[in-house]
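Let the hints inform the model, and build the full structure from the sequences given.
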Amino acid sequence: MNRTVLIIGIIIVAVIVFVLFAGLGKDPQHIDSPLIGKPAPPFTLKAVNTGQTIDLQSLRGKPVIVNFWATWCVPCYEEHPTLVANARQLPDVQFVGVVFNDTEDKINQFLAARGSAYPTLLDANGKTAIAYGVGGVPETYFINPSGIIVAKFEGPMDSDILRANLAKALR
Amino acid sequence: MTATFGRFLILASVLVSTTGAFIAYAAGAKRSPEGLKWSQRFAYAFAGLMVLATGVMEYALITHDFSVQYVAHVGSTQVPLWVTIVSLWSSLEGSILFWGFILGIYIAATTWVNRNQHQDYMPFAIGTWLSCGAFFSFLIAGPANPFLSVVPAPLDGPGPNPLLQNHLLMIIHPPMLYLGYVGMTIPFGFAAAALLRGRLGQSFLRPLRASLLLPWVFLTIAIMLGGWWAYEVLGWGGYWAWDPVENASLLPWLTATAALHSAIVMERRGVLKGWTVTLIQASFLLTILGTFMTRSGVFNSVHSFTQSAIGPTILIFLAAVLLFSVLLLAFRIDSLEAEGRIESAVSREGMFLVNNLFFVVFTFTVLVGTVFPLVVEAVKGKQMSVGRPYFDAMVVPVGTALLFLLGVGPALPWGKTNRKEMLRALLPPLVTGAIALVIGYAFGVRNAWTLLTLLFGGYAAHVTFAQMWLPLRQRLKKGDAFAPALIDAQLRRGRRRFGGYVVHAGAVIVFVAIAVSSTMRTQQEVTLTRGQSTTFAGYTVTFTGTEERAEPHRQSTIAHFNISKPGGPSGGGTSGGSSGGGGTLITTMEPRMNQYAAMREPIGTPAVYSTIGRDYYLSIMNLQGEQAGILIINMPMVGWIWGAVLLMGVGGLIALIPARKRTYVVVPESAPTIDDEAIA
Chain E
0 MNRTVLIIGI IIVAVIVFVL FAGLGKDPQH IDSPLIGKPA PPFTLKAVNT
50 GQTIDLQSLR GKPVIVNFWA TWCVPCYEEH PTLVANARQL PDVQFVGVVF
100 NDTEDKINQF LAARGSAYPT LLDANGKTAI AYGVGGVPET YFINPSGIIV
150 AKFEGPMDSD ILRANLAKAL R
Chain P
0 MTATFGRFLI LASVLVSTTG AFIAYAAGAK RSPEGLKWSQ RFAYAFAGLM
50 VLATGVMEYA LITHDFSVQY VAHVGSTQVP LWVTIVSLWS SLEGSILFWG
100 FILGIYIAAT TWVNRNQHQD YMPFAIGTWL SCGAFFSFLI AGPANPFLSV
150 VPAPLDGPGP NPLLQNHLLM IIHPPMLYLG YVGMTIPFGF AAAALLRGRL
200 GQSFLRPLRA SLLLPWVFLT IAIMLGGWWA YEVLGWGGYW AWDPVENASL
250 LPWLTATAAL HSAIVMERRG VLKGWTVTLI QASFLLTILG TFMTRSGVFN
300 SVHSFTQSAI GPTILIFLAA VLLFSVLLLA FRIDSLEAEG RIESAVSREG
350 MFLVNNLFFV VFTFTVLVGT VFPLVVEAVK GKQMSVGRPY FDAMVVPVGT
400 ALLFLLGVGP ALPWGKTNRK EMLRALLPPL VTGAIALVIG YAFGVRNAWT
450 LLTLLFGGYA AHVTFAQMWL PLRQRLKKGD AFAPALIDAQ LRRGRRRFGG
500 YVVHAGAVIV FVAIAVSSTM RTQQEVTLTR GQSTTFAGYT VTFTGTEERA
550 EPHRQSTIAH FNISKPGGPS GGGTSGGSSG GGGTLITTME PRMNQYAAMR
600 EPIGTPAVYS TIGRDYYLSI MNLQGEQAGI LIINMPMVGW IWGAVLLMGV
650 GGLIALIPAR KRTYVVVPES APTIDDEAIA
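These protein sequence lines are chains E and P, in that order. All the letters of the first sequence, read from the start, carry residue numbers 0 to 170 under numbering that gives the first Met the number 0. All the letters of the second sequence, read from the start, carry residue numbers 0 to 679 under numbering that gives the first Met the number 0.
If you're looking for bench data, these hints aren't it; they were derived computationally from the structure. Just so you know, not all the hints are guaranteed correct.
[To be verified] Every beta carbon over 10 Å from chain P, so not counted as near; a handful from chain E, in silico: (1) V16; (2) L23; (3) N48; (4) A150.
[Said to hold, decoys possible] Beta-carbon label-pair distances, calculated as ranges: (5) I129/E / G544/P: 22 to 28 Å; (6) I438/P / I7/E: 44 to 50 Å; (7) P38/E / G544/P: 38 to 44 Å; (8) I129/E / V150/P: 33 to 39 Å; (9) G628/P / A112/E: 30 to 36 Å; (10) P40/E / E625/P: 26 to 32 Å; (11) V374/P / P38/E: 38 to 44 Å; (12) V374/P / T52/E: 49 to 55 Å; (13) T49/E / F7/P: 45 to 51 Å; (14) V367/P / L169/E: 45 to 51 Å; (15) L169/E / E625/P: 46 to 52 Å; (16) T62/P / N1/E: 51 to 57 Å.
[Stated by the list, open to error] Chain E residues, not near chain P, derived (Cβ > 12 Å throughout): (17) S32; (18) Q88; (19) P144; (20) R170.
Note that CB positions come from ideal geometry on N, CA and C, so glycine has one too.
Dropping the structure here:
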């Protein structure tokens with residue numbers, strides 16, 4: 000047995016594994032939203048499913064959850080039931096879906112097949128998504144009753160994540 | 000249904016590869032021919048299952064079966080058929096399945112080629128390959144399962160990553176890369192077999208070297224295609240950004256190149272056995288590290304797939320293979336004792352050693368730069384990145400040194416030489432080096448590193464050319480006719496050697512082209528209103544307008560530019576009818592901005608006008624109404640890189656073609672100065 004090879008080899012293995020292991024679970028592309036703690040960018044958009052126009056400013060006074068999504072996004076399919084169920088359970092929280100890069104037909108088909116419990120707005124030119132700095136869908140912003148963004152979540156949420164972030168808006 | 004069948008195939012392949020690996024190792028330990036037969040059957044069965052599973056996935060993709068999760072993730076009824084087909088490797092799960100597919104083919108083919116040979120080593124090799132196969136099957140069956148069902152099935156999917164739909168090079172770059180990466184499993188298995196057997200005989204060197212050379216060729220081409228793709232698609236005017244994943248592809252290439260060289264010394268002098276085996280193991284380990292980099296979400300890169308549970312799984316595999324390799328080396332490296340020794344430092348074999356040293360330094364430099372941000376984050380908790388200045392500062396000197404060796408090494412004879420012989424070998428190429436230097440200076444090269452590259456490049460070109468045709472010249476000197484001498488000396492008997500020097504010729508051009516294109520490039524950012532023109536680097540660029548084009552999978556805005564030579568007959572009627580411009584119209588260029596359905600940000604496609612001497616590169620920065628903000632880059636020699644790397648690949652293939660059985664080629668023994676070795 001060659002001791003030198005063994006010792007040097009084990010040291011190399013240990014260092015490499017430690018460094019790579021420490022890096023696991025960190026998202027190199029995650030950057031905190033600069034909007035947190037700032038007033039939510041206003042928008043007035045038409046709801047696809049109900050036809051009414053919704054102005055974010057008019058929703059002051061209760062917490063608002065703005066969920067950006069699209070029918071071409073698979074994680075959004077996974078997240079949808081969570082959102083609908085929570086919206087039904089939490090009547091004091093205003094849920095708003097904002098869909099961009101999509102067509103009304105596809106959205107209506109989606110909602111007809113999967114149910115809806117809150118207004119779904121069409122962000123026709125993507126301006127609202129740009130204002131919020133949406134980096135991908137689904138992405139959800141939590142706004143407190145005074146209109147300040149308190150949290151942002153990238154990717155599909157389950158109920159625990161949703162409620163944990165919502166708690167920040169209720170504080 | 001399709002999903003269930005796919006899952007069944009993958010589970011079967013887990014079972015087959017695991018069982019096969021056990022049987023193979025047992026057969027190796029007991030030296031059982033019957034056991035070897037069985038392990039071969041299991042190797043074929045594993046390959047069959049992988050091919051079938053991949054076929055099932057392609058079928059699901061082509062038929063838009065959105066009940067299969069992977070198809071729901073990357074499929075779309077809106078994209079062209081070729082995009083649908085290549086979607087197999089456009090995302091995480093599919094790419095791992097594709098990996099398994101290639102691994103299966105490699106294992107089966109190598110097993111078949113060696114079915115009646117190297118019976119001592121083959122069981123251990125098959126055992127090692129199938130162990131890797133078992134890991135990848137497990138990965139496909141569990142953490143990266145593409146065959147999960149989606150209920151209810153979505154109506155349509157988002158299509159694959161738009162960047163991948165943006166250029167046809169995307170059809171060939173990933174498969175080439177996988178052929179290179181996955182192929183490193185084969186020499187790794189051979190190296191492990193040699194260590195497990197505690198012997199590395201001359202007869203086993205051929206399959207070992209060939210199994211290393213084939214993935215090396217693919218990896219070489221893949222790295223070039225990646226650079227070319229970045230250049231043609233990403234629009235920042237470069238081909239190499241020291242992105243972690245680019246580095247990940249370069250790292251195993253560097254160690255494999257080193258191993259190909261040390262294998263020659265091993266063959267000629269019977270030394271460096273343990274070293275060569277270590278380099279081969281390192282090459283495989285670096286491919287696994289590269290896979291981890293791309294798929295763990297730990298590194299920030301254009302190549303990153305989304306984060307997933309497969310990161311930890313690959314890390315465990317990497318750790319296990321590292322440990323396996325270290326233990327194997329520690330326990331067995333001394334059994335691969337040297338049969339000869341190196342007599343003189345200033346000799347060809349001495350230069351091989353220095354070459355290996357520099358390749359290893361190169362590898363460490365790139366590896367450190369790549370993982371350093373992780374180290375800092377692990378130790379200090381701060382985010383940082385290592386950029387181009389570090390890599391350029393570190394790599395340029397090492398690369399220049401390698402180019403120097405590329406000239407001096409092959410010029411020196413093997414073994415001990417006296418001073419006079421040495422000078423006679425080393426001095427004449429200096430003339431060519433000096434000529435290259437003067438030509439460069441005359442063309443305006445002032446950068447010291449580039450001038451040095453030209454000097455060494457000219458030197459190496461001289462040596463390479465002389466060595467490449469040496470067998471032919473010796474035959475002609477002996478009075479042989481040209482055609483038979485050419486065929487026999489270069490392509491039949493000296494094929495490995497010839498191929499090796501073709502690789503060297505390509506490498507010399509690559510060195511020079513990289514140095515010239517990166518230090519001699521000039522660029523300008525300018526905003527043009529429709530009809531306006533600007534003159535830069537010898538051409539007048541006139542913006543003639545934009546056009547919208549709708550394709551099923553994307554909306555494109557195409558900007559039209561006329562490129563003309565200034566100073567010609569003004570208003571020559573061909574400059575697009577606009578006021579600016581004038582001169583003789585040379586070409587039109589159409590850079591574009593593409594908007595994909597599934598992506599909010601548009602992706603530009605630059606336009607490149609290539610001539611032998613230089614590339615003229617136009618990229619849109621922004622388009623607003625009648626105004627176009629463009630980036631113009633003038634890059635000399637950049638096109639040479641693609642061609643020269645291709646030449647390296649061709650050289651590798653020439654060296655790879657197995658030599659004819661020598662028994663029926665009756666040729667008088669050639670002069671003693673001819674080296675029968677090849678570079679690879």
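Right, here's what the structure says about each hint:
1. V16: The claim is violated: V16/E sits with its nearest Cβ about 5 Å from chain P, within 10 Å.
2. L23: 6 Å, violated
3. N48: 17 Å, holds
4. A150: A150/E clear of chain P: closest Cβ-Cβ about 20 Å, beyond 10 Å.
5. I129/E / G544/P: 22 to 28 Å: 27 Å, holds
6. I438/P / I7/E: 44 to 50 Å: With a Cβ separation near 47 Å, I438/P and I7/E satisfy 44 to 50 Å, so the hint holds.
7. P38/E / G544/P: 38 to 44 Å: 42 Å, holds
8. I129/E / V150/P: 33 to 39 Å: 35 Å, holds
9. G628/P / A112/E: 30 to 36 Å: Violated, since G628/P and A112/E (Cβ atoms, about 44 Å apart) do not stay within the stated range.
10. P40/E / E625/P: 26 to 32 Å: 30 Å, holds
11. V374/P / P38/E: 38 to 44 Å: 40 Å, holds
12. V374/P / T52/E: 49 to 55 Å: Given a distance of about 53 Å, which is inside 49 to 55 Å, the answer is holds.
13. T49/E / F7/P: 45 to 51 Å: About 46 Å separates the Cβ atoms of T49/E and F7/P, which means 45 to 51 Å holds.
14. V367/P / L169/E: 45 to 51 Å: Holds, at about 48 Å.
15. L169/E / E625/P: 46 to 52 Å: Given range 46 to 52 Å: holds, Cβ gap about 51 Å.
16. T62/P / N1/E: 51 to 57 Å: Cβ of T62/P to Cβ of N1/E: about 56 Å, so the range 51 to 57 Å holds.
17. S32: Per Cβ check, S32/E is outside 12 Å of chain P; nearest 16 Å; holds.
18. Q88: 24 Å, holds
19. P144: 30 Å, holds
20. R170: Fine: 27 Å to the nearest Cβ keeps R170/E off the interface.
Violated hints for the displayed structure, listed by number in ascending order: 1, 2 and 9.
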